[in-house]
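The listed protein sequences derive, respectively, from chains A and B. Counting from 1, one number per residue, gives the positions in the first sequence under UniProt numbering. Counting from 1, one number per residue, gives the positions in the second sequence under UniProt numbering.
I should point out that these hints are in silico values taken from the structure, not numbers from a laboratory. Be aware that one or more of the hints could be misleading.
Label pairs and their computed distance ranges (CB to CB) [said to hold, decoys possible]: (1) Pro14/A / Ala271/B: 52 to 62 Å; (2) Thr125/A / Pro245/B: 50 to 60 Å; (3) Glu233/A / Val316/B: 32 to 42 Å; (4) Arg304/A / His318/B: 17 to 27 Å; (5) Glu236/B / Asn274/A: 18 to 28 Å; (6) Asn223/A / Arg122/B: 32 to 42 Å; (7) Asn223/A / Pro32/B: 32 to 42 Å; (8) Glu26/B / Pro14/A: 54 to 64 Å.
Cβ atoms here follow ideal geometry from the backbone N, Cα and C, with glycine treated the same way.
Protein chains: 2
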Amino acid sequence: MIENAFYSQEKHGPYKLFSLGNFELEEGGIIPDCKLAYATHGKLNEKKDNVIIVPTWFSGTSKDYESYIGKGRALDPDEYFIIVINQIGNGLSSSPHNSLPPVSMQSFPKVRIGDDVRAQHRLVTELFGVQEVALVVGGSMGAQQTYEWAVRYPEMVKRAAPIAGTAKNTIHDFLFTQTLIDAITSDPGWNLGEYRSNAEVADGLKRHADIWAVMGFCPEFFNQEKWGLFGVESAEELVEGFLEPFFQMMDPNALLAMAWKWQRGDVSRLADGNLAEALGRIQAKVFVMPIDTDMFFPPTDCEREQQMIPNSELKVIHSLAGHFGLFGGEGPSYHGQIDEHLKALLAVPVSESIVEQ
Amino acid sequence: MIENAFYSQEKHGPYKLFSLGNFELEEGGIIPDCKLAYATHGKLNEKKDNVIIVPTWFSGTSKDYESYIGKGRALDPDEYFIIVINQIGNGLSSSPHNSLPPVSMQSFPKVRIGDDVRAQHRLVTELFGVQEVALVVGGSMGAQQTYEWAVRYPEMVKRAAPIAGTAKNTIHDFLFTQTLIDAITSDPGWNLGEYRSNAEVADGLKRHADIWAVMGFCPEFFNQEKWGLFGVESAEELVEGFLEPFFQMMDPNALLAMAWKWQRGDVSRLADGNLAEALGRIQAKVFVMPIDTDMFFPPTDCEREQQMIPNSELKVIHSLAGHFGLFGGEGPSYHGQIDEHLKALLAVPVSESIVEQ
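Excised from the complex, chain A in its bound form (with noise of 0.2 Å):
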């Protein structure tokens, strides 16, 4: 366990913490007194069916959805009652390096998505008594999350959007994946996970900085030289002023944890290996929102799982900064689309429940 002051109330708050009490892992093992941290929006509604889950991305935290949410938005914080619940691993919830033995840092077992979402479904259940969710909507590792729900708890879902991610993980992102977690790993100063403080670790968080470069954006990004999004000035500040320092901040084994769960994403482990199947089963309204300039999530990855759902429709998010629009900074042009495509799949009457079979 060490100290990191990135993962604190003051630069992700306001969060609280839902203990889990001793949580079973599917791949083995358990976290002790395992904790999701979330923050909430808005109230939940006396019928309990105005909620809205929100799971994070790599490496994000439930701040970063604060630009999604707000009055008259589609994620309306005086209709509904949001709840964003940070991933097991992403450095608030219970991770490697808040975690005391026999789970710190490099003894941390391995999380999957599924765990995740199992733990989530026991906050809003247990916590506040939810049966019915009105809308599960994510980013990246967040869609992966959101599918995972959409699959895991059909009768209880009744709209999903993920957006910018997939239902199974392909091989190309695989593999994508697997050099952010190379990058790390080859640095001498990560020591097989026993670092001494996330600073030890900092050439090979600059260069798995620098592959989110290529690959989080897209070239027509470059082309434009649309850094003022991200509020720079230049190609060299976005790389050297923005993107090293940013994942500089981050804890190297917490990256590897979410790198590790996102590699291996796939709701067709549900259905014995059948993502047909297994997408089959989804009852709720399901917006599949790919941005057209993604380099790993691309649309043509997302339109195949969406062909698979039964009540879907695809909807493609123009953006400028490939994967990275997520992040919101094209703003309103981003969030326009987002907040439009949230507002009709809300619209959309919900059947009566399916008694879960």
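Chain B: place on chain A using the hints.
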């Protein structure tokens, strides 16, 4: 100077060597007794107007173009005198590992695309007395050299076909190439370029290969499981059985010399940074031939440049192998397109040479 059996007549021949003597470089410094390795196909005709020049791509050699050349093909040795010239630093031509002090290993000076093309110009004029080139064609870094030929020697180059490459490298591509460089130089075995054998840099070369696995192909290649194009039966075999050992055979300093050069390919250097002016000087008929699934020389980047070239057309090549479509693994479905376009280009009548200003 170290031995590396990969760069040999057995593996990459037959090739010959042309000596440039002491060759001065744009960045300063000299390569003493600088040599270009080259291979020829066909015979120079009496008018010396049947010459096709083919410069090599990153990590490639003259051997790699053999699948582009043959009887009845566009590059037909019965009709043309085809000179395939290895770029400086590629391991066959003068390179860090095969040079003697004071330019051996880490002391090898920085080489630019312009140096290569000046050296190649000396080869074809001094060795063969050629003053007119029917076609310059090359892929990737070969395209960079093709553009440099057409801008630097506009009266001499009658036709040009840059495949999957740009005239001015983009920032996105620069950042991608930097990750390739960092993968190698972050290996302690690289030892600032003074390793005793490329085997000492095996880890860095592996990471370098793994980044290529992400950027060299494209998502659709993996989704359609097109491993067979490269003679293997799985993605794992593609990466671990083909790409990793492929790059691990190579010399790290050679890859770094080429990568540095690639990052800085830019014909606008010939016109005080004005790309439109530089490309406007081209007198050749030009077919700009990007590959539609290329992740770092995408068609949009190539089309932007094509529109600045007076007598040019955009011919997009369809491939499921991304940039690595260049390897020709798709066989006739790839080479058929290349041949069709190059035959059409070679059939375009050339105007009389305009005397150089």
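Comparing the hints with the structure gives:
Separated by about 57 Å at the C-beta atoms, Pro14/A and Ala271/B satisfy the suggested range of 52 to 62 Å. Checked against the hint of 50 to 60 Å, the pair Thr125/A and Pro245/B passes, with Cβ atoms roughly 52 Å apart. Between Glu233/A and Val316/B the Cβ separation comes to about 34 Å, which falls inside the hinted range of 32 to 42 Å. Checked against the hint of 17 to 27 Å, the C-beta distance between Arg304/A and His318/B comes to roughly 19 Å, which is consistent with it.
Taken as a hint, the range 18 to 28 Å holds for the pair Glu236/B and Asn274/A, whose Cβ atoms sit roughly 22 Å apart. Taking the beta carbon of each, Asn223/A and Arg122/B are about 35 Å apart, inside 32 to 42 Å as hinted. Under the hint 32 to 42 Å, the C-beta atoms of Asn223/A and Pro32/B, about 40 Å apart, fit the expected range. Taking the beta carbon of each, Glu26/B and Pro14/A are about 58 Å apart, inside 54 to 64 Å as hinted.
In this structure, none of the earlier numbered hints is contradicted; all agree with it.
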